[in-house]
Amino acid sequence: MPSEHRKSAHYLLGAISVVAGLTIWAIAAWYTDSALLPTPVSVLKSFSEMTQTGDLYQSVFDSASRVIIGYLIGTLAGISTGVILGGSKLISELLSPLFDFFKGLPPIALVPIAIMWFGIGEMSKYVVIAYIVWIVVAVSTLSGLREVPTIRIKIGQIMGLSHFQIYMKIALPTAMPYIFLGMRTAIGFAYVALVSAELIGANTGIGYLIMDYRFSLQTSKMIAAIVLLGVLGSLTQMLFDIIIKRTRLYLK
Amino acid sequence: MTAPKKIIYRVVSGAISVAVFVVIWSIASTLFNTPILLPSPTDVFHSAMSMLYEGELLIHIGSSVKRLIVGMAVGVPVGALIGCAMGWFPTVNALLDPYVRMANSIPAIALIPFSLLWFGVSEFSRYALIFYTVSLCVLLSARAGVRSVSEIQIKAAQSLGLGEKEMFVRVVIPAVFPSILSGVRTGIGLGVMVIVAAEMVGASDGLGYLIMEGRSHFAVDRMIIGILGLGLLSLFLDRSFTYIVEHVMPRWSTKRRVGN
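Which chain is which? The protein sequence lines are A and B, in order.
By our numbering, the letter at position 122 of the first sequence is numbered 122, and the numbering carries on one by one without gaps.
By our numbering, the letter at position 115 of the second sequence is numbered 1115, and the numbering carries on one by one without gaps.
Certain hints may be false.
[Said to hold, decoys possible] Here are the computed distance ranges between Cβ atoms for each label pair:
#1 A:ASN203 x B:GLU1123: 48 to 56 Å
#2 B:VAL1074 x A:SER88: 42 to 50 Å
#3 A:HIS163 x B:GLU1123: 21 to 29 Å
#4 A:MET238 x B:VAL1022: 20 to 28 Å
#5 A:MET238 x B:ILE1152: 44 to 52 Å
#6 B:VAL1023 x A:THR185: 25 to 33 Å
#7 A:VAL41 x B:LEU1058: 32 to 40 Å
#8 A:LEU36 x B:GLU1164: 39 to 47 Å
#9 A:ASN203 x B:HIS1046: 44 to 52 Å
#10 B:PRO1090 x A:GLY119: 48 to 56 Å
[Stated by the list, open to error] With a cut-off of at most 27 Å between alpha-carbon atoms, the simulated DSS-like pairs for lysine-lysine come out as follows:
#11 A:LYS7 x A:LYS89
#12 A:LYS89 x A:LYS154
#13 B:LYS1155 x B:LYS1165
#14 A:LYS103 x A:LYS89
#15 A:LYS89 x B:LYS1165
#16 B:LYS1006 x A:LYS7
#17 A:LYS154 x B:LYS1066
#18 A:LYS7 x A:LYS245
#19 A:LYS154 x A:LYS169
#20 A:LYS89 x B:LYS1005
#21 A:LYS103 x B:LYS1066
#22 A:LYS103 x B:LYS1155
#23 A:LYS169 x A:LYS45
[As the list claims (entries may be wrong)] Stretches of chain B that chain A covers, calculated by requiring three or more beta carbons in the stretch to come under 8 Å of a beta carbon on chain A:
#24 1148 to 1161
#25 1206 to 1216
These aren't lab readings, by the way, just hints derived from the structure by calculation.
The beta-carbon is built from N, C-alpha and C at its ideal position, and this holds for glycine as well.
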């Protein structure tokens, strides 16, 4: 009972704070140039305007298909890289500096060269998104395989399983939670890569809309597009969590 | 493993990683045979050397690092302070939580147009972006750190007669510090990501600028130098930060030292 009470107090305070924030924003916007800071109401209006023209749906569709295709390719590549290299502890440890290096490489740095190599079309976006997803998933798969308790492997040996069987039946299932954690983190990175690619070189997509509205000084639409991007990202992660929960994939 | 053995092991694994990378790269560039799109490792090495001699490369690296340091110097304390307050006082948490959630769901890169709009193409707008990214990151880990202080520790301190203030200094801060440090580490990585993005969209120096400038001159070797430089810089910062934490202040390391 007390925890429930505390929870409702938490949400009440949160709501008060949001209302206060919106009021401060509205007052500040009243005194500022609308190109710099539009009012909350005008942001809402712009959003409904954007939904009426077909542009928004087209952009959301384009961005979503980039994320989905890039993410799927990247996840497949990441898991297979992890599974192939993770079979040998020696190889995975010797190559770990290479993966650390690529993990630290911001995907946005690769956008210009991806455009040069694969053209300004969809391919370069898929490549950049798939790249970062690949690295994140591969690294987490490898670290999951490295963390398998020795005792489980020993038990497998005692039971007379072959090396391959131990790998498939013991090591991989134990590493599963790590792989899913990596896949979840990769969603956030995929969105970062998407925005990077669309800010620098694209003619469609939400990132392009944000940049386009900035140049045309339609700040209220820009804010609406930024918020929409955040909402899409969170929705994707929530969807992932629900799927994982429903299918009970975390359980071994 | 003993210490010297560990160092040798690390050097060997590093060398093998570099070798694998360079070999794959040279095979690819030989097969592809279009130096204007994919120059060979030796070509890139030569132009990197000449850029290093002329001091150009160091200028770009220096300005990226400077931006990162300034943004972090302000962002880390602010993030740690707000994060601790949010973790310790439920009211503060309830008030700020909606904003933190929203900020956390929007990639910082999407805010670049915003900062350009408000602060112009200036040094300040880049500092603001790094500050935002790093403080948010440190805030989240500081809050999680305060929450992870176990009730038993607090009860024990209370029964030993510690006042509220002493409790915070003696119990809470030591318990939170490792999480703040790991937040700083994540913040370095995200900060590099954001600084590059900001430099690509509008700057006249820095590694992000080097990549963009290479693109407009169709100088792929310069772009590759920028990309590799970034990866190395981020790796170097990360490794040196972990090294400093583990050797200079081992007490605060998050690494559990089992068997010591």
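Here is how each hint holds up against the structure:
{"no.": "1", "hint": "A:ASN203 x B:GLU1123: 48 to 56 Å", "verdict": "31 Å, violated"}
{"no.": "2", "hint": "B:VAL1074 x A:SER88: 42 to 50 Å", "verdict": "45 Å, holds"}
{"no.": "3", "hint": "A:HIS163 x B:GLU1123: 21 to 29 Å", "verdict": "57 Å, violated"}
{"no.": "4", "hint": "A:MET238 x B:VAL1022: 20 to 28 Å", "verdict": "43 Å, violated"}
{"no.": "5", "hint": "A:MET238 x B:ILE1152: 44 to 52 Å", "verdict": "34 Å, violated"}
{"no.": "6", "hint": "B:VAL1023 x A:THR185: 25 to 33 Å", "verdict": "30 Å, holds"}
{"no.": "7", "hint": "A:VAL41 x B:LEU1058: 32 to 40 Å", "verdict": "50 Å, violated"}
{"no.": "8", "hint": "A:LEU36 x B:GLU1164: 39 to 47 Å", "verdict": "43 Å, holds"}
{"no.": "9", "hint": "A:ASN203 x B:HIS1046: 44 to 52 Å", "verdict": "37 Å, violated"}
{"no.": "10", "hint": "B:PRO1090 x A:GLY119: 48 to 56 Å", "verdict": "53 Å, holds"}
{"no.": "11", "hint": "A:LYS7 x A:LYS89", "verdict": "47 Å, violated"}
{"no.": "12", "hint": "A:LYS89 x A:LYS154", "verdict": "15 Å, holds"}
{"no.": "13", "hint": "B:LYS1155 x B:LYS1165", "verdict": "15 Å, holds"}
{"no.": "14", "hint": "A:LYS103 x A:LYS89", "verdict": "20 Å, holds"}
{"no.": "15", "hint": "A:LYS89 x B:LYS1165", "verdict": "49 Å, violated"}
{"no.": "16", "hint": "B:LYS1006 x A:LYS7", "verdict": "50 Å, violated"}
{"no.": "17", "hint": "A:LYS154 x B:LYS1066", "verdict": "51 Å, violated"}
{"no.": "18", "hint": "A:LYS7 x A:LYS245", "verdict": "24 Å, holds"}
{"no.": "19", "hint": "A:LYS154 x A:LYS169", "verdict": "13 Å, holds"}
{"no.": "20", "hint": "A:LYS89 x B:LYS1005", "verdict": "18 Å, holds"}
{"no.": "21", "hint": "A:LYS103 x B:LYS1066", "verdict": "22 Å, holds"}
{"no.": "22", "hint": "A:LYS103 x B:LYS1155", "verdict": "42 Å, violated"}
{"no.": "23", "hint": "A:LYS169 x A:LYS45", "verdict": "56 Å, violated"}
{"no.": "24", "hint": "1148 to 1161", "verdict": "violated (count 0)"}
{"no.": "25", "hint": "1206 to 1216", "verdict": "holds (count 6)"}
Going down the numbered hints, you'll see the structure goes against 1, 3, 4, 5, 7, 9, 11, 15, 16, 17, 22, 23, 24, while the others check out.
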